[in-house]
Each structure stands twice: as C-alpha cells, then as structure tokens.
Amino acid sequence: MSSVIVRDVSLSFGAVEVLKSLNLEIGKGEFLVLLGPSGCGKSTLLNCIAGLLDVTAGQIHINGKNVTWEEPKDRGIGMVFQSYALYPQMSVAGNLSFGLKNARLPKAEIAERVARAASILQIEPLLARRPAELSGGQRQRVAIGRALVRDVEVFLFDEPLSNLDAKLRGELRVEIKRLHQKLGNTMVYVTHDQIEAMTLADRIAVMKGGVIQQLDTPQEIYSRPVNRFVAGFIGSPGMNFFEGSIETNSAPVFKSGDISVDLSRYDFAGPGPEGRQVELGLRPEHVVLGHGADEMPVTAEVEVEIIEPMGSDTLVWTRYGGESLTVRAETDKVPRPGERVLVGFDPGRASIFDATHGERL
Amino acid sequence: MADIRTAATAAETDPTTAGWNGARSEPYGPRPRRIVSRRNIVVYGTLFVVAVYYLLPLYVMVVTSLKGMPEIRFGNIFAPPVEITFEPWVKAWAEACTGLNCDGLSRGFWNSVRITVPSVIASIAIASINGYALANWRFKGADTFFTILIIGAFIPYQVMLYPIVILLREMGLYGSIWGLVMVHSIFGMPILTLLFRNYFSSIPVELFKAARVDGAGFWGIYFKIMLPMSLPIFVVALIIQVTGIWNDFLFGVVYGRPDTYPMTVQLNNIVNSVQGVREYNVNMAATLLTGLVPLIIYFISGKLFVRGIAAGAVKG
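These protein sequence lines are chains A and B, in that order.
The letter at position 198 of the first sequence is residue 900 when you use my numbering, and the numbering goes up by one with no holes.
The letter at position 176 of the second sequence is residue 205 when you use my numbering, and the numbering goes up by one with no holes.
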C-alpha cells in the first residue's frame, strides 16, 4: 500500500516550469529522500505534498485519500523546516502544542502528546524555554517534536540539517534514522547533501530540472547510475570521467587518446554501442593504487600530482590519458607527489554513458 | 601618549615579553586614541553649534511663555524671566478666546483626542491586516491592488479636498468628528500598508508555512504568530499616525466646524487673532501645549521607533 502518491504533478510559476508531470509513489513506512542540486524542484515538490503550494496540474494522494485540494492541516502530515521556523514568542511547550490547540484537542490529550514527544526527543528540560534560548541542535529537535505531536502518518523534512554544523548534523542524522526505525512513519526528506541521502534513505529520488532522474536504492544509484548527471552528482569525491569512443573488434574496447580499455567484462544495458562517442566513469574508490593494482584487469602507470589526506584515507590526484584521475588510497601507503605509481581497475565496475544524451549504456 | 607608556611598562614587567626589546617603540596592544584631536574638535564643535541652533527657538518659546507682558515689552527675548509666571499657560489652556468661545485650547485638545484616538486605531488595524494579506496571502491581483494603493500615497491632498467635501456631505458626516476620523484613516492607508507589508515580508516565510501546517488560519496566524512579533512596527505606525493626525491642520480646517476644530486649528485662531493686544506669552504657551502630545510620544517610544524603522522599512 502506498502512503503518498504524486500523480502527473506539474507546477509553473508564470512561464517557469518547476515540476514537469512528475510521478512518485512512496510506500508505507518508507524513508524516501529527494536529492538534487539547488533549484531542481525538490523543495517545491515537498511543498506541493504538504499543500503549501497549489499544483498547476495533477493529483496528490496521501493515505489513499485524494488531498489535492485539502488544506495542509487536513493532509495528515507534519513538516520540519530548514530554518526550524519555531514561533519565537512561544515557549518550547507552546510551540509543540500550537497545532494541537488549533485542532481543539482536549487539554489532557495535548499535555500527554507533548510529554511523549518531549521524552522521545529528550527535550523535557527545555519545555519552558524560548527558542532564542536554545542551541541550533535543540531547536531542530523541537521542530521535529512539533511534527511528532501531530501524530501523523507522513513526515516531511525540508533540508532539516543544513543549518547545523558538521558534527551536530551527523548526530541528528542518526537520531532521525533512529526515530524512523522506532516510529515506522513514512518520511519524505529533501536534501542536497548526498551523505544524508545515502545514509538515511530506503530509496533516493535524484532530481534535476523538475524531473526525477533516477529513483532507486542508495546502493543501486551509487553503483549503477542511469545517466551522466546522477553519476556525477552522487559520490564524494566525484566520479572520474574520460571521453572517448567505443570500438568493437572481438570485444568492445573503450579508446581515448593513447589509452584503451577492454570492456568485455562490462555489462551493457543495450546492444550495439559500437562507434559511439561515450564517457567512461570510474569511482575513485574503485581504482586500486600500488599493492594489488597489478591483479586488476586494466593497469596503467601514472604520475602523482597532488595528495589530499582526509584522515581515514587519502585522495591521490593523477593524470590518466590526459584527464585527471583521482584515486582513493589508504593513508599508510601514500606516494609522494611526483612519484610514478601503478594503478589498476576493473571495467566491470565502471559506468559508460553516451556522450550526447548522457544515458547509461 | 599615556596609553603607549603603560603598554610599554606592562611589557617590561611581563616575564614572557621581558626580553623583547622592541616593546618600547613598536605598537603594542590597543591603538592609543587622543581625545583632543582636530577631528574631534570639528565633529563635536559642529554638533554643538547645530544643536544650539535648533534648540534656541524652543528656549525662546519656553522663556517667553513664562514672562509677563510688561517684561516682554523690554524686548530682551533671550533673557530668562525675572519673575516666573504661569499665568500665560493657564490663559492659553482655559481662557484664550477664539471667535465667540473663550474657553482656551482645552476644547481643541479634547477634539483632537477624539479625532486622533479612533483614527489611529482604525488606520493601524486596517493597514496591518492589509499588509499581512499582501505579504503572506498572495491573492490574484495582489500586485495591482498594491500598486493602486501606493499611487494613492503620491496624489497631493489638495486634489482630493473638494471631492471629499461632497462625499462627506452626502454621507452626512461633514463637519463631524467622525468625518475627520474617516478622512484620516483613509489617508493613512497607503503609507501604513507599505510599512506593514514590508515588515511582514521580512518575517521568514517558513514561520507562516509552519503555522499553516499547524492548522492556523488567516486570523489565527495574524493574531497568534504575526502580531506578537511585530511590536516595533506597530510603534512606528503609532508614532507616524499620532504625530501626523495630531499636527494636521488642513483637514481639520476644511472638514471641521468651530465646535469640532482640532487643537491645531484653534491654536492658529488664537495666535492669528487680529483684535486686541498680541499676547506673545500666551501664544508661546499655547504652541508648546499643542506640541506636547507628539513630543511625549517620541520620548516614550523613541527606542522602539528606531528598531522598527531598521527592521521593517529599510529591509524589504
């Protein structure tokens, strides 16, 4: 059973088409992340689901009910905003109970729900304080609590962690995941941070230009991106790309300048890639440097240009066939800049995209 | 210079910098600032002169209003009163004659209060709701409506004087206090709506969205979310309206009758009366009395006024 269904939804602001006939089905209890660069329409889509924006065309169903014309409060959703959006003049308890008071729930019920949300989020000691007296992390907890007390089926998060510093972001990320496991609600989460998307999501919808590019599990999106955009957007450090063409003798071969890569191990999606202009994508973590490189199907000797130590591992910048190639290496066996090293990779783990329309081959 | 010396001695006694031989001559710590510098003399001198220039007329008014007529006839307008008398103030308030009435400014004062209070409340209430609707509930044609309203701010009052006379006559409000209240409320609308719209636009839109998700409607959001956050801008509007309406002369004289004239019109009638002796002390006292209300408002809410201007009018 689907919890949220977005059917052929379009939205235009004047001449600008933000969402283009978008379809999306979110299962009950699913954690779906809308991921994309700024301006891709992900927040707009969330606002449409919430009912804060009227759609130009299409339908939105929540819990089997067509809510396209319903007010936000009647849609059975709770929403958490990036800037927390706490009412500054009310105490934390006032913020949590505002929606319940508007719904004219009995006092005892309100008190009980606020107490329960506060205990889940561990904000009981803060209930009497004003938002101005809270830290960023505490504020976002209260904002989550405000969605929690509404006792709704669907939670909408609009970049909830973007205003926090890196450490807090990590902590709250885990907390949101824990919350999801505990409550089992449907959650729709908008972010431009791929780490958040990868760690939290059951499925990720990667968006660009008002269109969902790929909707799949994090692992599938990471290892089999459907097009050049998704491949470049997911992964940090980003994928290495090499422009070239495909030639077929006995087996397909990728040729670019003086490098040629045997693609007999690559699983082509369609037939006949011969002669096409393509881009070969290679993740830095799929390239082996130094020890073990010689066991890989494809090897090459490259010169180290720059190294970027990142603590857990080190990023090594090299050049391969005239293009830059970054390699993720273990910190204890990092070469020095200027050294020549052997790198190797398995073309079976690479991705090949058509150079003109960017689709995966 | 003293600062440098103390810094240098501090450096010498401090064991960590004791061996540092540059301490005496090189810059160390906060940069010393001389109080008597050419720049300060120019700045403070100019400010002082300007302040005196502006305060002098007020001084003359206060001093004159406390003198008796014989003393004024000596002609030393800057001299402090030899014999302080409050007689002119009492006369201005309760006995000065305008036309047939000889009950002073007190009648005009109460007329002004009865005009100002309802028009301030009505105009601020309506304009704040206008501004809130324009900022947050983008209805169809909102921009057109707003443009029309703003154009209203640029039309000179004189153009509309006579049409409004006809309008008030037809409504049976001509010459009454309520006619004046209506005129003041309408003419305050453009600028106040602009003020409130800009202020409400500066409140994060996510707050508004959150309140909608929480089930608050048009009035719920206005009264429970927006209003409590908007004290500064309400104070700004209050000051603009109270001073504007209190100081108004034109509408008062055009749309009023002798028994509904506001204080400003009555002041004019006292000061410009052509019969009898010109009582400068009474005129000064009457003028000061008339200016007292806006002055008090400024003193009470000056700080909030600055905050509101900074938050609402400039931003947005």
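Take the hints with a grain of salt, since some may be wrong.
What the hints assert, rightly or not - SDA-like cross-link-like pairs, simulated, lysine to any residue; straight-line CA separation at most 20 angstroms: (1) B/K332 - B/V322; (2) B/K253 - A/A834; (3) A/K775 - A/L807; (4) A/K869 - A/I897; (5) A/K767 - B/G244; (6) A/K775 - B/A108; (7) A/K809 - A/E826; (8) A/K809 - B/G249; (9) A/K775 - B/G249; (10) B/K253 - A/I897; (11) B/K169 - A/Q824; (12) A/K803 - B/P257; (13) A/K803 - B/G249; (14) B/K169 - A/T758; (15) B/K253 - A/K869; (16) B/K253 - A/E922; (17) B/K253 - A/R832; (18) A/K775 - B/F252; (19) B/K253 - A/Q791; (20) A/K910 - A/E922; (21) B/K253 - A/K910; (22) B/K169 - A/E773; (23) A/K775 - A/G741; (24) A/K809 - B/G244; (25) A/K803 - B/V322; (26) A/K957 - A/D969; (27) A/K957 - A/G1050; (28) A/K775 - B/V234.
To be verified - Some, not all, of what chain B presents toward chain A, calculated at C-beta under 8 angstroms: (29) G128; (30) D132; (31) R136; (32) P233.
To be verified - Derived CB-CB ranges, DEER-like: (33) A/E826 - B/T176: 46 to 56 angstroms; (34) B/F168 - A/Q761: 20 to 30 angstroms; (35) B/G170 - A/S723: 44 to 54 angstroms; (36) A/G766 - B/G170: 47 to 57 angstroms; (37) A/G741 - B/G58: 45 to 55 angstroms.
It is worth saying that the hints were derived from the structure and are not from the lab.
Don't be surprised by glycine CBs; every beta carbon is placed ideally from N, CA and C.
Restraint check for A/K775 with A/L807, where alpha carbons must lie at most 20 angstroms apart
Distance ~14 angstroms between A/K775 and A/L807 Cα, so the pair holds.
For A/K803 and B/P257, compute the direct alpha-carbon distance and say whether it is at most 20 angstroms.
Roughly 17 angstroms between the alpha carbons, so the hint for A/K803 and B/P257 holds.
For A/K809 and B/G249, compute the direct alpha-carbon distance and say whether it is at most 20 angstroms.
holds, 19 angstroms
Decide if the proposed pair is consistent with the structure: B/K253 and A/R832, CA atoms, cutoff 20 angstroms inclusive.
Since the Cα atoms of B/K253 and A/R832 sit roughly 15 angstroms apart, the hinted pair holds (cutoff 20 angstroms).
Closest C-beta approach of B/G128 to chain A relative to 8 angstroms, hint status
violated, 52 angstroms
Within a Cα-Cα threshold of 20 angstroms, do A/K775 and B/G249 meet the stated pairing?
holds, 13 angstroms
Given the hint that A/K809 pairs with B/G244, test it: the Cα-Cα distance must not exceed 20 angstroms.
Cα-Cα ~17 angstroms, so holds.
Restraint status (C-alpha distance of B/K169 to A/E773 at most 20 angstroms)
holds, 18 angstroms
Checking one constraint from the list: CA of A/K869 to CA of A/I897, max 20 angstroms. Satisfied?
holds, 13 angstroms
For the pair we were handed, A/K775 and B/V234, check the Cα-Cα distance against 20 angstroms.
Given that 20 angstroms is the threshold and the Cα spacing comes to 17 angstroms, the pair holds.
C-beta pair A/E826, B/T176: status relative to the range 46 to 56 angstroms that was hinted
Because 51 angstroms falls inside the window, the suggested range holds.
A/K775 and B/A108 were given as a pair; does the straight-line alpha-carbon distance stay at or below 20 angstroms?
Violated - the C-alpha atoms of B/A108 and A/K775 are around 72 angstroms apart, more than 20 angstroms.
Taken one by one, the earlier hints fail for this structure at numbers 6, 10, 11, 15, 16, 21, 23, 25, 29, 30, 31, 35 and 36, listed in ascending order.
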